[in-house]
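K.L.:
Spelled out from the first residue to the last, the chains are:
Number of protein chains: 4
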Amino acid sequence: MQQTLRLVIDCPDQVGLVAAVSVFLAENDATIVEASHHTDQQTRRFFMRHEIQADSFKLNKQDFANAFAPIASQFQMNWRLTDSADKPRMALLASHESHCLMDVLHRWHSGELDCEIPCIIANHAKMKQFADWYAIPFHFVDFKNQSKQQAFAEIERLLENYQIDLTVLARFMQILPDTLCEKLSGRAINIHHSFLPSFAGAKPYQQAYDRGVKLIGATCHYVTKDLDEGPIIEQQVIRITHSDSADDMVRKGKDCEKTALSNGLRYHLQDRVIIHHNKTVVFA
Amino acid sequence: MQQTLRLVIDCPDQVGLVAAVSVFLAENDATIVEASHHTDQQTRRFFMRHEIQADSFKLNKQDFANAFAPIASQFQMNWRLTDSADKPRMALLASHESHCLMDVLHRWHSGELDCEIPCIIANHAKMKQFADWYAIPFHFVDFKNQSKQQAFAEIERLLENYQIDLTVLARFMQILPDTLCEKLSGRAINIHHSFLPSFAGAKPYQQAYDRGVKLIGATCHYVTKDLDEGPIIEQQVIRITHSDSADDMVRKGKDCEKTALSNGLRYHLQDRVIIHHNKTVVFA
Amino acid sequence: MQQTLRLVIDCPDQVGLVAAVSVFLAENDATIVEASHHTDQQTRRFFMRHEIQADSFKLNKQDFANAFAPIASQFQMNWRLTDSADKPRMALLASHESHCLMDVLHRWHSGELDCEIPCIIANHAKMKQFADWYAIPFHFVDFKNQSKQQAFAEIERLLENYQIDLTVLARFMQILPDTLCEKLSGRAINIHHSFLPSFAGAKPYQQAYDRGVKLIGATCHYVTKDLDEGPIIEQQVIRITHSDSADDMVRKGKDCEKTALSNGLRYHLQDRVIIHHNKTVVFA
Amino acid sequence: MQQTLRLVIDCPDQVGLVAAVSVFLAENDATIVEASHHTDQQTRRFFMRHEIQADSFKLNKQDFANAFAPIASQFQMNWRLTDSADKPRMALLASHESHCLMDVLHRWHSGELDCEIPCIIANHAKMKQFADWYAIPFHFVDFKNQSKQQAFAEIERLLENYQIDLTVLARFMQILPDTLCEKLSGRAINIHHSFLPSFAGAKPYQQAYDRGVKLIGATCHYVTKDLDEGPIIEQQVIRITHSDSADDMVRKGKDCEKTALSNGLRYHLQDRVIIHHNKTVVFA
Numbered sequence: 001m002q003q004t005l006r007l008v009i010d011c012p013d014q015v016g017l018v019a020a021v022s023v024f025l026a027e028n029d030a031t032i033v034e035a036s037h038h039t040d041q042q043t044r045r046f047f048m049r050h051e052i053q054a055d056s057f058k059l060n061k062q063d064f065a066n067a068f069a070p071i072a073s074q075f076q077m078n079w080r081l082t083d084s085a086d087k088p089r090m091a092l093l094a095s096h097e098s099h100c101l102m103d104v105l106h107r108w109h110s111g112e113l114d115c116e117i118p119c120i121i122a123n124h125a126k127m128k129q130f131a132d133w134y135a136i137p138f139h140f141v142d143f144k145n146q147s148k149q150q151a152f153a154e155i156e157r158l159l160e161n162y163q164i165d166l167t168v169l170a171r172f173m174q175i176l177p178d179t180l181c182e183k184l185s186g187r188a189i190n191i192h193h194s195f196l197p198s199f200a201g202a203k204p205y206q207q208a209y210d211r212g213v214k215l216i217g218a219t220c221h222y223v224t225k226d227l228d229e230g231p232i233i234e235q236q237v238i239r240i241t242h243s244d245s246a247d248d249m250v251r252k253g254k255d256c257e258k259t260a261l262s263n264g265l266r267y268h269l270q271d272r273v274i275i276h277h278n279k280t281v282v283f284a
Numbered sequence: 001m002q003q004t005l006r007l008v009i010d011c012p013d014q015v016g017l018v019a020a021v022s023v024f025l026a027e028n029d030a031t032i033v034e035a036s037h038h039t040d041q042q043t044r045r046f047f048m049r050h051e052i053q054a055d056s057f058k059l060n061k062q063d064f065a066n067a068f069a070p071i072a073s074q075f076q077m078n079w080r081l082t083d084s085a086d087k088p089r090m091a092l093l094a095s096h097e098s099h100c101l102m103d104v105l106h107r108w109h110s111g112e113l114d115c116e117i118p119c120i121i122a123n124h125a126k127m128k129q130f131a132d133w134y135a136i137p138f139h140f141v142d143f144k145n146q147s148k149q150q151a152f153a154e155i156e157r158l159l160e161n162y163q164i165d166l167t168v169l170a171r172f173m174q175i176l177p178d179t180l181c182e183k184l185s186g187r188a189i190n191i192h193h194s195f196l197p198s199f200a201g202a203k204p205y206q207q208a209y210d211r212g213v214k215l216i217g218a219t220c221h222y223v224t225k226d227l228d229e230g231p232i233i234e235q236q237v238i239r240i241t242h243s244d245s246a247d248d249m250v251r252k253g254k255d256c257e258k259t260a261l262s263n264g265l266r267y268h269l270q271d272r273v274i275i276h277h278n279k280t281v282v283f284a
Numbered sequence: 001m002q003q004t005l006r007l008v009i010d011c012p013d014q015v016g017l018v019a020a021v022s023v024f025l026a027e028n029d030a031t032i033v034e035a036s037h038h039t040d041q042q043t044r045r046f047f048m049r050h051e052i053q054a055d056s057f058k059l060n061k062q063d064f065a066n067a068f069a070p071i072a073s074q075f076q077m078n079w080r081l082t083d084s085a086d087k088p089r090m091a092l093l094a095s096h097e098s099h100c101l102m103d104v105l106h107r108w109h110s111g112e113l114d115c116e117i118p119c120i121i122a123n124h125a126k127m128k129q130f131a132d133w134y135a136i137p138f139h140f141v142d143f144k145n146q147s148k149q150q151a152f153a154e155i156e157r158l159l160e161n162y163q164i165d166l167t168v169l170a171r172f173m174q175i176l177p178d179t180l181c182e183k184l185s186g187r188a189i190n191i192h193h194s195f196l197p198s199f200a201g202a203k204p205y206q207q208a209y210d211r212g213v214k215l216i217g218a219t220c221h222y223v224t225k226d227l228d229e230g231p232i233i234e235q236q237v238i239r240i241t242h243s244d245s246a247d248d249m250v251r252k253g254k255d256c257e258k259t260a261l262s263n264g265l266r267y268h269l270q271d272r273v274i275i276h277h278n279k280t281v282v283f284a
Numbered sequence: 001m002q003q004t005l006r007l008v009i010d011c012p013d014q015v016g017l018v019a020a021v022s023v024f025l026a027e028n029d030a031t032i033v034e035a036s037h038h039t040d041q042q043t044r045r046f047f048m049r050h051e052i053q054a055d056s057f058k059l060n061k062q063d064f065a066n067a068f069a070p071i072a073s074q075f076q077m078n079w080r081l082t083d084s085a086d087k088p089r090m091a092l093l094a095s096h097e098s099h100c101l102m103d104v105l106h107r108w109h110s111g112e113l114d115c116e117i118p119c120i121i122a123n124h125a126k127m128k129q130f131a132d133w134y135a136i137p138f139h140f141v142d143f144k145n146q147s148k149q150q151a152f153a154e155i156e157r158l159l160e161n162y163q164i165d166l167t168v169l170a171r172f173m174q175i176l177p178d179t180l181c182e183k184l185s186g187r188a189i190n191i192h193h194s195f196l197p198s199f200a201g202a203k204p205y206q207q208a209y210d211r212g213v214k215l216i217g218a219t220c221h222y223v224t225k226d227l228d229e230g231p232i233i234e235q236q237v238i239r240i241t242h243s244d245s246a247d248d249m250v251r252k253g254k255d256c257e258k259t260a261l262s263n264g265l266r267y268h269l270q271d272r273v274i275i276h277h278n279k280t281v282v283f284a
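Chains as they are written, first to last, in my numbering: chain A, 1 to 284; chain B, 1 to 284; chain C, 1 to 284; chain D, 1 to 284.
Derived by calculation from the structure, the hints in this document are not laboratory data.
Treat the hints loosely; a few may be bogus.
Which copy is meant is left open, because identical chains are indistinguishable; a pair holds if it fits in one copy or across any two.
[To be verified] Taking lysine to aspartate or glutamate and the EDC-like style, the derived pairs with C-alpha atoms no more than 16 Å apart in a straight line are:
1. Lys183 with Asp247
2. Lys61 with Asp29
3. Lys279 with Asp210
4. Lys58 with Asp142
Treat the numbers as computed from the prediction; the structure is a model and nothing was measured.
Could you build the full structure based on these sequences and the hints that come with them?
P.N.:
Here it is in C-alpha cells:
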C-alpha cells in the first residue's frame with residue numbers, strides 16, 4: 001500500500017474554505033488519492049477529509065502545521081494530519097469470548113487493519129493462547145482477587161506504558177470507570193451485541209428473544225461514560241425467525257459483531273471518522 | 001391460484017400429535033401443499049400449519065370441526081381451519097401519507113394480497129382520490145370537529161357494519177383507544193416507522209437522526225393497548241449514512257414501511273402467523 | 001426543495017484541478033450543498049460533482065459557460081451544468097406489467113422523482129387507466145398489426161414531439177432497434193429482472209429457478225445496442241429458498257425491480273451518474 | 001448440545017407418506033426437535049427432514065433400518081439416518097489464502113461446526129502454521145515438482161487414509177480431475193468468489209470490476225466436474241460502489257466467502273441439505 005497523508009478538517013461552513021484548502025494543497029503539489037466533503041444542513045458544520053499521496057507532497061508533517069496554521073485559524077478549523085506510515089498502537093481488551101479477538105487479529109495479520117498491536121489485555125487467562133500465536137505480549141488482569149478499581153488502575157498503567165493510541169473492547173464485558181472513559185475519549189471503541197439503542201445493557205440476545213424481534217444486530221461505538229450511549233461508528237443486522245434458538249441468535253450475532261467491529265476499526269485507523277457531538281461522520 | 005384449506009394448530013408438545021394429525025389428514029385424502037412445524041424449546045409449545053389442496057380433501061369446513069374435535073381435545077389444541085376461497089375483509093385506515101395505502105392497494109389489485117377491501121377510512125379527505133380509482137367506498141372521519149371518542153365510535157361502527165376481519169393502520173397516526181385495541185386483538189395490524197423497540201412513539205426518524213444510528217427500519221406488528229409494544233410480525237431495515245438528510249431518511253424509511261407492511265399482511269392473510277404471548281411464529 | 005445547480009465534471013486527473021474549480025466557485029460566491037470526488041486509480045480519470053445553492057451563485061447558466069470555458073479547456077474536461085429548476089422530461093414505456101410503472105408514477109406524484117412526465121407509451125392498452133389517473137397523455141403503440149420497424153418509428157416520433165430527455169423502459173419487453181439505442185445513448189434506462197450479468201435475455205426468473213440460485217435480483221442500466229450489457233447504475237437482490245415457487249420469485253423480484261429502477265432514475269435525474277466506458281460513477 | 005438423530009427423506013409426493021412416517025416415529029417414542037417438509041410443485045417430489053431427540057427414541061441406528069425398510073420401500077424413498085454423535089470427518093484443502101481456512105477452523109474450535117478435522121492439505125507450505133496451532137496434521141502436496149495427476153493421486157490417498165467424509169475446498173484454487181469429482185460427488189464443497197452463475201472461472205473480482213456491477217458475492221456449492229456449475233448451497237452478496245478499488249472488493253468479498261462457506265458447511269454437516277438434480281433443498 002502506498003504511503004498517504006490524511007488531512008481531516010471540521011469547521012463552520014463558509015464560502016471559500018474548500019478553495020483555500022485546495023489551493024494550499026495544489027501549491028504544495030499534493031496528488032489527491034481521495035477527497036470527501038460533507039455539510040450538515042441542520043448545523044451548517046462542514047467536514048472534509050483528503051488523502052494525499054505522501055511522495056507527491058512538498059511538506060512534511062512538521063512544516064505542514066506551520067504553513068497551514070493561517071488557513072486553519074481563518075476558518076476556525078479543527079484539523080489533524082496523520083501519516084499512514086505512523087501506525088496507531090492498538091490495545092485489545094478481551095474477556096472469555098474469542099470471536100472478536102480472533103477476527104481482529106487475523107485481519108490485522110493479513111494486512112487489513114493498518115496498526116500495531118503491542119498488547120492484549122484480558123480478565124481470562126485462556127486468551128493467552130491466541131496472543132501467543134501472534135507473538136503479542138499478553139497481560140492477564142485479575143478482576144476477582146482485587147477490586148475493580150485496582151484492576152482498572154492496572155489496565156490504565158498498561159495502556160500508558162505501551163503508549164496506546166486506540167483501546168478496543170473486543171467483548172470485554174467490564175464497564176470502564178468514568179474517569180477512564182473521559183481520559184480515553186475518542187480513543188476507545190466498544191462492540192455492543194445489539195442494534196443500539198435497542199437492548200442496551202446486559203444480555204441483549206435474551207432481550208431480543210423475549211421481545212420477538214425479527215432482526216438482531218451489533219453496534220460499534222466510541223466509549224463514553226454513559227454506557228452504550230457513545231457515538232455510533234457502524235452497525236450490522238441479520239434476519240432471524242421464530243425457529244432461531246438463543247444459541248442460533250448468539251451464533252448469528254457474532255458474525256454481526258465481527259463485521260461491525262472490524263469495519264469500525266478500519267474506519268478509525270484510516271482516519272475516516274469525525275466525531276461531532278454524539279454522532280459521527282464516517283467517510284467510508 | 002388453487003383453492004386451499006389452512007389448518008393452523010398450537011398446543012403443548014407431545015409425542016404422537018403429529019402422527020394423529022397426519023393420519024387424520026391422510027384418511028381424508030388430503031394432498032398437502034405445504035407443511036410447517038415448530039417447537040419452542042423454552043416453553044415446549046408446538047406450532048403447526050398445513051396447507052391442503054381443497055379439492056383433494058374429503059371433508060368440508062363444517063364436517064371437519066366435528067371429525068377433528070376428538071384429536072383437538074386430546075392434545076389441548078388451539079386450532080383454526082380457513083378456506084382460501086373465504087377472502088378476509090380488510091379495512092385500511094389512513095391519514096395524510098399515501099405511500100403505504102397506495103402500495104397495499106396496488107398489491108391487492110395485482111393479486112398479491114388475497115382479501116377483499118370493503119372500505120378505506122381516513123382522517124384526511126385527500127385519500128379519497130386513491131379509493132375512488134380502485135372503486136372502494138371511502139369514509140372520512142373527522143378528528144377535528146368532534147371528540148376523539150366520537151371519531152373512534154364512528155370508526156368502530158364502520159368496522160362492524162362492513163364486517164371487517166382485519167383492520168390495517170396504514171400510517172394512520174391516531175392512537176386507538178384501549179377498548180378498541182382489545183376488541184380487535186389479533187385482528188389489527190400497524191406499521192411503525194422505526195426498527196422497534198428503538199424509537200417507539202412519535203417522530204422516530206428524528207429520533208434516529210438525533211441518535212446517529214447507521215440503519216433505520218420499520219416494524220409491522222399487531223396492535224395492543226401498549227403503544228408500539230404488540231407482537232412483531234415483520235421488520236425491515238436499510239442502511240443510512242451521515243450524508244442522509246432527514247428527507248432522505250423519510251424516503252428510505254418509506255420503502256422499509258411498504259415492504260414490512262405488505263409482507264406482514266400477506267403472512268396474516270394466508271394464515272401464516274400464530275401469536276403466542278407477545279411474540280409471533282411466522283411460517284413464511 | 002431549494003433550487004440548486006449541479007456541476008458535473010470528468011477529466012484526466014491532474015494536480016491543481018480541484019483548486020481551479022474551487023477557486024472559480026468561491027469567486028462566484030457558490031454555497032456548496034454537496035461535493036463529491038472520485039479518482040479511478042487504474043485509469044487515472046477524475047470525476048467530480050458539485051451541487052450549488054442557486055441563489056448564492058453570481059452566474060446564471062449562460063454566463064457560466066463563458067466564464068468556465070478556460071478552466072474546462074485547460075484541464076480537458078467533459079462537463080455539464082444543470083439547474084434543478086429545469087425539470088427533465090421523462091417518457092415511460094410500458095407493456096402489460098404495471099408494478100414498475102405504478103411505482104415510478106407514485107414516487108413522481110409524491111415528489112420523490114424530480115421531473116416532468118409528458119407521456120406514457122405502451123404496447124398494451126390496459127396501462128391507459130394508470131395514465132389517466134395521473135392525467136398523463138397515453139399513447140398505445142400497436143406491435144401486432146404493424147411491423148416492429150413501424151412501431152418503433154412511431155415511438156421515436158413521440159419521443160421527439162414530446163422533446164423527451166430520458167426514456168425509461170419500465171418492463172417494456174420489446175428490444176429497441178440499434179439505431180434508436182444509439183440515438184438515445186446515455187438517455188435511455190432499462191430495468192432488467194435479474195442480477196446481471198447472470199440471466200441476461202428472456203425469462204430470467206425461470207433461469208434463476210432452474211439454476212437453483214439462493215438470491216435473485218434486478219438491474220437498472222443504460223440501454224445500449226448490446227442487450228442487457230449497458231452500464232449498470234443500480235442493482236438490488238433478495239434472498240430466496242427452495243420453498244419459493246416461480247410465483248414467489250416473481251413477487252420478490254418485483255420489489256427488487258421497483259427499488260433498483262427508482263434509485264437509478266433518482267440518481268440520473270439529479271445528475272449523480274457519470275458514464276465512463278461501460279461503467280458508471282454514481283455519487284449517491 | 002443434545003444428541004439427535006436426523007432422518008432425511010426424498011421421494012415422489014403421495015398422500016399418506018407423512019402419516020406413515022409420523023406414526024412410525026410416534027410408535028417408537030420419538031420426541032421431534034425439528035421437522036421440515038417441502039414439496040416441489042413442478043416435479044411433485046417430496047423432501048422431509050426430522051431431527052429426533054436421541055434418548056427418546058426406542059430404536060438404534062441398526063434396528064431402525066430394518067424396521068423402516070417396508071415404509072421406505074412402499075413410498076420409494078431415498079433416505080438416510082444420521083446420528084449427531086457420529087461426527088463427520090472433514091478435510092480442508094487450502095492454497096495460499098488463509099481467510100476461509102482460519103474462519104472454518106475458529107468456528108470448528110468454538111463448537112459452531114460439528115465435525116472432526118483429521119487433516120489439512122495444502123499446496124503452499126505456509127498454511128502449516130495454522131494447522132499447527134489447532135494441532136491438526138498438515139500435508140503439503142507439491143503441485144510444482146510433480147504432475148497435477150501425481151499431486152491429485154496424493155490427495156486422493158490422503159482422503160482415503162483419513163477416511164474423509166467431506167472434502168472442503170477452502171479457496172484451494174486447483175481444479176479437481178473429473179474422476180475425483182465423481183468419486184466425491186455430494187461429498188465435496190467449494191467456495192467460489194463470485195455470485196454464480198456470474199463470473200465463473202478465474203479472477204472473478206477482476207471480472208466484476210470490469211463489468212461494473214454494484215454488488216459482489218460468493219457461492220458455496222457442491223463440486224461437480226462442470227467447473228462452478230454444481231448444486232448451490234448458499235450465496236452471499238455485499239454492496240460495492242465505484243469508489244471500491246480492486247483491493248476493497250477482495251476484502252469485502254472475503255467476508256462473503258467466509259459467511260457463505262461456513263453456512264454451507266453447517267447445513268451439510270447437520271444433514272440439512274438434499275441434492276436433487278442440480279439444485280438443493282436446504283432446511284436451514
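K.L.:
Which hints, by number, does the structure contradict?
P.N.:
Checked against the structure, the hints that fail are numbers 1 and 4, while the rest are satisfied.
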